[in-house]
Amino acid sequence: MFLLTTISVADIVVGMTSTNSTPPLTPAVFHILLALSSGERHGYGIMKQVEADSQGKVSMGPGTLYGSLKRMLDAGLVRESDKRVDPEMDDERRIYYQITGAGTEALAAELERYQRIVTIAQQRKLSPKTFSNE
Amino acid sequence: MSELQSIRRLYRKFLTLYPRGFQERLGESMEQTFNDLCNERIQQAQYRWSGFVLWIFIETAIGIVREHVLIITAGATMKNTLAIPRSTALISSILLTVAFIVAPGIYLFGNLRDAMGPFAYAVADFLYGPVWAASLVALVFMLRERIGERAPRRMSLALLAAVLAAGTMILVACIRSANRQYHLIHPELHLEESQTVLIVWMTLLAGVTGAGWHFLGWALVLIGSTGWTSRRLPPQLSVLYLVAGAPSLFVYLLPELEGLTVMLVMVVSIWQGILLWKGEPEETQAPEITTS
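Order-wise, the sequence lines are chains A and B.
So that you can map any letter, position 20 of the first sequence is 20 in our numbering, and since no number is skipped, the others follow by simple counting.
So that you can map any letter, position 110 of the second sequence is 110 in our numbering, and since no number is skipped, the others follow by simple counting.
Isolated chain B (complex conformation) (with noise of 0.2 Å):
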């Protein structure tokens, strides 16, 4: 009985792996049908357990990763289920602003490098990589859940392609750190001397960061498109998400537009962040769904 009851405690806590909705909805019911199985099973004097644990825990399993992607993909409309405070919105938006245009200081100007030392590096590629990368996805996330409903699959291809940027970004950050500390650790290969290394080192770094901003443009050029139609974006804003995507799309092939592209970002991402701060687009009910 025992084992039993430890098999019913382990099902009530795996079903907190649903998305907070669905458990309130039906948490309560999910667990009384689970317990009338067993229920059964002990009428029934089945005490093959395993079997039958084995089963009911996989078939959930499947039901909560297939909740959890419904949410995913269903953008808007499940955005009770996955509400993010608005105050996130403008602190995405500040730390994006931030990493912005304090990385590039770290990186490019030398007194703030000698005064702190490694260390302003690896703050730099922590703006850069991880907070530039969360504070974009969590963006781009949020305006999905607001206008995502009338171009799900833009919106979905949109946060797809800054996640994609995001990593991309974590990335550079990777090898930035990894290169610093192998010059670290190794002074005596004299290694900032070689213009082999030099080269490797540039060429990965631009193409890597290039990529990044190529995905960033189809991220800010999907969501551009999806304010415009579905004008549930000031035209002004969706017009400078096409005006900025554009050029980040070319930074591969072009590396001068990067400033130019970084300017555009940052005022667009400013004015996002306060809108979604504000609440606006102004939040909407899931659309009914009728079977006439």
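Same shape as in the complex, but just chain A (with noise of 0.2 Å):
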């Protein structure tokens, strides 16, 4: 539950800086884009797009998310939207963010990573029960 509060995507993002390559993305940064890989969202509607994708594993508080949020802004990963009403909660106008091609770009980099770890996994015969005896 508290495994995004406790980690940092500065490094991550300004690491952008320095390598033509894409970086690994921290947890709270690739499942930020995740969620907003699907449409635009505000703050609410990510954090419960994010809990949905990790089927309630990830809880994305305030802090993580807008600390993340800020700095994926600045990096370029997402944009600010408009500020609109949701039709689905109240009449409060509230601020969508957008995923750039940037971060369209960085969310496939990071899903072509993951597919390449899994292809090795399952070059060596691994799977999640592999350990389960041990």
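Incorrect hints may appear among the rest.
Stated by the list, open to error - Below are the DSS-like pairs computed for lysine-lysine, each with C-alpha atoms no more than 30 Å apart in a straight line:
1) K48(A) / K83(A)
2) K125(A) / K48(A)
3) K13(B) / K83(A)
4) K48(A) / K13(B)
5) K125(A) / K57(A)
Bear in mind the hints are in silico, worked out from the structure with no lab data behind them.
Could you fit the two chains together into a complex? Lean on the hints.
Take a look at the structure:
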């Protein structure tokens, strides 16, 4: 539950200044990009989507979410969309966030990285059950 | 409901602990999200608020600390968030110089000491302690804001060295003050006539002062090298930083270097103060962060 609160995204996002290839993303950034990949969302919407994507295993608080969003905004991974009312919620106007081209690229690179790791694990005949009896 | 409103008010107040820039940009959204989370709890009829509130506040507190740490470590890239008026630099450099001139004057010249009594010592300790320390840290901090983006680690180390030098000089002032108070409170002990007390006192004071100069030396050398390699400072000033820093590092070995170092640091301080006051080196925008 507290996993994401202890992880700083600063190093990863700032690290993007120095390398040409997209560096690995932190779990917080990865989950936010994944949540935004299916459409624009406001802060609370992102939280709920992250929870849904992780089947309730990842719960992100406002401190982690907005700290990550700030650095992602600075890094150009996401951008602020217009401020509007969420029809499913109250009548308050909210800022929506949307993924940018750079954000999509970073997410794609991360997914590719995960895919490679899974492939390596499969080649070595490793699965989650492999270590369950140890 | 009143409990919920109090929690919301408290959270709004809590968000003001974020750095100003962060708060202006995302504070409103954070408050809105917190309200959404509260509404969610109400709708789900989950009235066990203590755990939820504790989690949110701890999580937000971690975020607040993280943002402040990032500002400190990011240096010049966050200058808008911690903008300090330019006049502060000039005032700091003047105070630093005043502390260098007036405090030793009070310590050394009997007339002034006799005329003003123990109060003169208190003024000297205040100038050569907290005033000196605050001025030094403010100057180095402002300089780091301006030239730190080219060598953030070096300038962070310079700031750390300046903070250590400042802390050491405050310690010296505290030792002086404590010693004086003890002498005044116990005149019957005639401590000023004890050779042992004098030796211990001088050794302690000289040792801690030497440590302060040493840390100051590191700060000066690091600033000088950053100024030289980044070309953000006039080359002559960078060299002067290095020239002032080198003897400062060794005052603990050669106390006679202290006078020379004081002179050099005063020149550097005034020069730097004027440059910062005039807005030089030019303020730069935060570097673009690209992902390609």
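query: Which of the numbered hints are not met once you compare them with the structure shown?
result: Number 2 only.
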